[in-house]
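Taking the hints into account, I'd like the entire structure generated from these sequences.
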Amino acid sequence: MTDLHLPWLEASILISLIGSLIVSRLRDSDEARRWTLCFSGATLVSSVGAWIDFHELHVLQADDAWHFLSYLVGRELLIVDQLSAPLLPLVALLFFLTTLATLRTKIRRFSFALTLLSEAIVLATFSCKEPWGIIALLSIGTIPPLLELINRGKPIRVFAFHMVLFIAMLVVGWWYVEVEGGAAQRVHSLWAIVPLLIAIFIRNGIAPFHLWMSDLFEHATFGTALLFVTPIVGAYAAVRLVLPVAPDWVLRSIGLISLFTAVYAAGMALVQREARRYFCYLFLSHSAFVLMGLEIVTKTALTGALCVWLSIGLSLGGFGLTIRALEGRRGRLSLTDFKGLYEHTPALAVCFLLTGLASVGFPGTLGFIGTELLVDGVVEAYPYIGIAIVLAGALNGIGMVQTYFRLFTGTRYTSSVSLQISPRERFAVLALAALLLVGGLAPQSNVKSRFDAAEEILIERQAVSGGPPVEHESEHGHDDHGEPVKAEEHMPH
Amino acid sequence: MSYDQIFHALGLCVVGAPAVLFTILGLSSLLLYRSLPERTITRISQVAIMTGLVASVAILAMMLALGRRHVPIALGTWVLIPHYHFVVKFEFDRLSVPFAILTFVLCGTIGAFASRYMHREPGYNRFFVLYSLFVLGMIVTSLSGTIETLFSGWEMVGLSSALLVAFFHERPAPVRNGLRVWVVYRFSDAALLVASVVLHHLRGGGDFDKFLGSGPWPDGQALVTGYEALVVGLLLLAAAAGKSALIPFSGWLPRAMEGPTPSSAVFYGALSVHLGAFLLLRVSPLLELSPLLCFCVVVLGLSTALFAAIAGHAQTDIKSALCFASLTQVSIIVAEIGLGLRYIALIHILGHACLRTLQFVRAPTLLQDRRILENAIGERLPRMPGFWERKISERTRIWLYRFAIERGYLDSFLNDYIVAPFLRIFQWCDGFERRSTDLITGGKSRESDRTEPAPGPLDELL
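Protein chains in written order, with my numbering: chain L, 3 to 495; chain S, 494 to 955.
Source of the hints: derived by calculation from the structure; they are not laboratory data.
A couple of the hints might just be wrong.
[As the list claims (entries may be wrong)] Here are the simulated DSSO-like pairs of lysine-lysine, each with C-alpha atoms no more than 27 Å apart in a straight line:
{"id": "1", "chain 1": "S", "residue 1": "Lys937", "chain 2": "L", "residue 2": "Lys108"}
{"id": "2", "chain 1": "S", "residue 1": "Lys937", "chain 2": "L", "residue 2": "Lys156"}
{"id": "3", "chain 1": "L", "residue 1": "Lys156", "chain 2": "L", "residue 2": "Lys108"}
{"id": "4", "chain 1": "L", "residue 1": "Lys450", "chain 2": "L", "residue 2": "Lys131"}
{"id": "5", "chain 1": "L", "residue 1": "Lys450", "chain 2": "S", "residue 2": "Lys703"}
Quick look at the structure:
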C-alpha cells in the first residue's frame, strides 16, 4: 500500500491527545482555551495535510508514513481512503471553529480537555478500517459527553441507556459476524445483522432510537452535543460494518426506515418550542438522509449521500454555532415568541440563513448538487415512497425560515450591553459560509471525489458479497451529458 | 468575431449583470460592518440593470436581424459524473427574450422608484440585497435551458419574495404572512423538483430540448408519451399553481401585500405572479400531448379567475383589490395557455405586467388621485349599481360577499384540514417522546420546558 509523505494521521491524533492531557492540567479557563485553540489548530493543519497528501498520491487508500503505530501494534490501523480523506479536515475544522467561537461567558462550563479528547477519538475512528478498532473507538467516543453530563450533575439515564445498548449491540453483532466466518462470508444470519442494525440506528438517531439525541441537547453544553453528533460517525460505522455484510433486503429496509425518520424528524422540528431541540430534529432529519442514501447502494444515491454528509457537516455545524452564539447572548432560546435580534446581529442573521439554506440544499450552496443526486437516487430506488424525501426537504426548509423569523424578527430587543457578533464568532461562521458558497459554486471536484468514494464502497461491498462486478466508470471518459464512454472511444485514431 | 461569440458575450452580460449586483450587495452586507451608502447601492443597481437590459435588447436585435429564433448559450458543465450531469445552459428564444427584457424594464423602473420610496428606511440595504436576488432569480428562470437551472432561479425568487413580504419585521403580521408565502412556495418547489427528477429518469437529463424537442419555442415536439406528459405536466401545474397563486393556493397573494409597495408592485403584481404561467408556456409542447392535462389547466385557470373576480369586489384596501385583479388576469392567461393560445398568453403577460406595475406604484396616492378627479368634475364620483348587483338576489349577494371577504375560505380550508391535523399529529408524538424520556429519567427530563418566552422591553422595565 502507498504511504503518505508524512505521518499526518498519527500526528493529528497525537496532537489532540497531548493537548487534552496538557489542557486538563490547566486551571485558568482563558489559558485553557488559548492552548486548546493552538492544539486544535495544529490538528486542523495536520488533517488538511493528510487530505492534500492523499489527493496528490492519486491512490485508492494510503498508510501513514514511518509506521510508528504499526511498529507498536503489529498491524496497520490508520488508513486514509477516498471516503475518509475529506472527513478528517471536516472534523478538525468543526472542533477548531467550535473552540474559537466559544464565548468568554461559556468557557467555564465548556470542557476544553474533553473536547480535544473527543477530537482525537473521532479522528482515529475516521482513520480506522479495522472492524474491532472502529467498535472500540465508537465505544470510547461515548465517554466524554457522559463525563460532562456527570460533572454537570445532569440526568444521564437516557443517554447512558442508549449508549450501553449501542455498544452491546455492536459487540454482539460483530462477534456473530466473526463466528459465522467474518466479513468474507457472503451470507450472515439475522443474529449478526439485527444487532448491528440496532446499533447503527441508535448512533444515527433513527426513530425510534433517537431519544438520546434530544436528551443530550437538553442537558449537555451545546458545543459538546454539537461536536458529538455533527461528524455523523454512525454513518461511518454503517459503511464500514454493515454495508459489507448486510444483504440487499436489509439495506433497503434501513433505507425505508431512514426515509421515515427523515420525514418524522422534519415534522417534529416544526413543533419544537426551543431552539436546541429544533436543531436536534433538523439534524436528525438530515443524518437520516445520509444513512438512507448510503443504504440504497446505487452510485447516484451513494454519491449524493456522501456529498450531503460533507455539506451538512459544514452547514449544520455553522447553523449550530450560530444558535450557540445567540444562546451565549440570550440564554436558552424559546421559539414561542419573536426575539427581535436582527438589528443587534445582522451578520449572525445572514449566517443563520446562509447555513440553514445550505443544509436544505438551496441552489448555489454546497448542499444543492448532493441533495439533487440523493433525491434522484432515492426516487430511483423507491419510485413512489421516495418522493417523501422531497417532502422532508420542504418541511426542513419551512422549519428553518420559521426559526429565523422567531429568532431575528419582532420588536427590537433592548439591551444594556452590546450583542454584536464578536470577531472570533464572525471568523468562525464566515469561514463555514465561505466554504459552503465556494463548494456550491464550484462543485465538480467535490462531487467527483465523492463519486470515486462511492465506487470504492460499492467495489468493496461487491468483493465481499459477490454479484456482478462494479466497473470503475470514473476511469472511463464520459460525454457532455454524463453518459459513460468506452475507453476505446477515447483512443486517438 | 463571429456572431456566435457576440451572442455568447451578450448572453454572459444578461446573466452576469444581476449576478454581479447580487454578489456585490450580498458580500458587502456580510463582510462590512456598515452597509454601503444609499447612493452607491442605487448606482450599482442602475448600472447592473442597464447592462442587462442593453445586452438583452442587443440579443433581440441580432436575432431579428439574423433571422435566428433560437440561440442556446452553454456556460459549461457544472457537474459531470457518469449518469449525471448539470449543464448551465441558457436559451434565448421568442419566450425568454421578451420575458428577460420585461424583467429588466420593470425591475429598473421599480429600482429607481424604490431608491426614493425607501429613502432613509433602516432596511434600505436589505431591500436592495433581496431585490438583486429577485432579479437574478427571474433572469435565471426565464432564460434557463434546463429544468435544474430553472429550479435554481425559481428558488431564488421564492426566497427573496418571502423575505420581502416580511420586510417590516418589527411587526408580527408581515412575518407571519412571509412565512405563509414561504410555505406555499416550498410545496411549489417540491412539485417542481419531483418533476425534474421524473424527467431525469424518463429522458436521462433535464435539458429542455431532450423532452420538449429541439424546435424553437413554441414549435417543439415533446419527446415523451401522452401518459408521461400527463404525469410530468400535473406536477408542473402544481408548481405553477403555487407560484401563481391559483386555487387552492390563492390565499398567499393578498398576504404578500404586507411588503413594501415597490416589491408588491414588481413581484406580486407583475413578475413573480406570472412565473407559473411562464413555466406552463415553457413546457407548452407537453400540453399538446395530453388533452386531459390541457383540460385541467383550463379548468384551474377559469375557476381561479372566477374566484379572484368575486373576491376582488369585496376588498377594502387598494393593494388587495389590485392583487385580486392581477390574479384574475393571471388565471385567464393560464386558461389561454391551456387552450393553446401561446402568443396571446405571452402578449397578455407583457401588457398585464406593465399595467399592473403602474397601478401598484400609483396605489399610495389613490386618495389624492380621487380627490383630483372629483375636483376636476366638481362633484363626488357617481356610484352606479353594477349589472350583477341588479340581477342577483340580496340573499345570494350576501352569501357572495361573505365568500369574497373570507377569500373563498381557502386559507381556512388549508389551515383546518391540512396544517392543524399535521401539527396535532406531531405534537402528540412530541408528548409521547416526553413521556418516554420522563419514564427513563425517572422525573422531568426536559430542561427546555423551563425556558420562558423572552420578556418584552416593557416587561423588563417593570
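These are the hints, each one checked on the structure:
1. Taking the CA atoms of Lys937(S) and Lys108(L), the gap is about 25 Å. The hint holds against a cut of 27 Å.
2. Restraint check for Lys937(S) and Lys156(L): the C-alpha separation of about 12 Å stays at or below 27 Å, so the hint holds.
3. With a CA separation close to 17 Å, the supplied pair Lys156(L) and Lys108(L) stays within the 27 Å bound.
4. In summary, the hint linking Lys450(L) to Lys131(L) is supported, as the alpha carbons are separated by about 22 Å, within the 27 Å threshold.
5. Proposed proximity of Lys450(L) and Lys703(S) is supported: the alpha carbons are some 24 Å apart, at most 27 Å.
Of the numbered hints given earlier, the model fails none.
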